[in-house]
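Put the two chains together into one complex, using the hints given.
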Amino acid sequence: MMESVLDLLSWALIVIGGAFGIIGGVGIVRLPTFFTRIHAAGMAETMCVPPILLAMMLQSGWSLVTFKLAVILGFLFLTSPAASHALAKAALHGGVSPHDEDIGRS
Amino acid sequence: MYTAAGLAILITMVLAITRTLLGPTVYDRILAVNMFGTKTVLIIAVIAFMSGRTDLLDIALAYALINFIGIVAVLKFFEYGEFSRGGRGRP
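Listed in order, the protein sequences are those of chains A and B. Oh and the first sequence: position 59 is 59 in this note's numbering, straight run, nothing missing. Oh and the second sequence: position 68 is 68 in this note's numbering, straight run, nothing missing.
No wet-lab data here; the hints were simulated from the structure. Virtual Cβ for every residue (Gly too), placed ideally from N, Cα, C. Be a bit skeptical, because a hint or two may be false.
As the list claims (entries may be wrong) - Cβ-Cβ distance ranges computed for the label pairs, FRET-style:
{"id": "1", "chain 1": "A", "residue 1": "GLY74", "chain 2": "B", "residue 2": "LEU7", "range": "35 to 45 Å"}
{"id": "2", "chain 1": "B", "residue 1": "GLY81", "chain 2": "A", "residue 2": "ALA82", "range": "20 to 30 Å"}
{"id": "3", "chain 1": "A", "residue 1": "LYS89", "chain 2": "B", "residue 2": "LEU65", "range": "17 to 27 Å"}
{"id": "4", "chain 1": "A", "residue 1": "HIS39", "chain 2": "B", "residue 2": "PHE77", "range": "20 to 30 Å"}
What the hints assert, rightly or not - Over 10 Å on every C-beta distance to chain B, these chain A residues come out as not near it, computed from the model:
{"id": "5", "residue": "MET1"}
{"id": "6", "residue": "MET2"}
{"id": "7", "residue": "SER4"}
{"id": "8", "residue": "VAL5"}
{"id": "9", "residue": "HIS99"}
In isolation and in its complexed conformation, chain B is listed as follows (with noise of 0.2 Å):
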């Protein structure tokens, strides 16, 4: 069960893969590393269980953190150049 499930993952990483060197613009890669790394998350999940190790899961929770303030800040950076800037109207 876990075999199958971590292979369609697996799979749908390849693909994400794909639209990251493929992709003509910057979005696009962000876009796709984003989904590679939410499809990390569920594989290492599938792992923890695969191996009957379930502390992985702990890993699992903080690179679903990792992950989403990672993609925040680099669209930060792609949209206002610096990391300091507030949003729109504000300093």
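If we strip away everything but chain A, and leave its shape as in the complex, we get (with noise of 0.2 Å):
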């Protein structure tokens, strides 16, 4: 019983994390500028990696697995967005134009 729901949980959470990975690259591939690919790129990893950590967690029970894993976690919760941040940084400093007329052109 307990088992069963705890692969029912896992399945969800595989199924949610892997949707908003894909979501994620295929805007990562087709949007317009390099500030909305940021966007996609940041919503997709703040969105799909904790589901899919989170079931393996599930899945693992209470052992030191569970905490690598949640460790793993922590560190991708606080430096994707450091990452994002700095890049788009570098990109403003760098020259690339976050305005809308410049579509096509960057």
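Structural data, given as structure tokens:
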């Protein structure tokens, strides 16, 4: 009983994570300008990584593996926005224009 | 279950590689490589659970650290042109 509930929750979380990952991938390919692509990648990273790692945490029970997964999750949660911010700042200083009229030129 | 997760992550990695090859500016390529690295961490964790060898999670953690440091270093290089300078206003 308990295992099937946990399996069901893990399936749901993996489907959510995989769907958001693929949506982010499609966004990073199809969106028109650089800053919209940062949006797609950042959203995908915050919505794709935690559900999949949470699903694996549910499968592993209370053990060292759960702690390791939690450490990976916390680290990615901290560094992904930092990397997105650094990327946007570097692109802005590097001359990529964030304005709408430049769509198609960058 | 892990096969489905691995397939979804692999599709995302293929899309990120597409943007890496297409990307008009260098920042597009860095963005796609960053996404690829994050998905690599995820797929290492999924493979660890698939094969039952959970020691691989340590490698996933190390890869997450290396990915972040590498991205920040490359961005700093492209923003300032060298590694040894600080932020704005600091020599």
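request  = If any of the earlier hints don't hold here, list their numbers in rising order.
outcome  = 1
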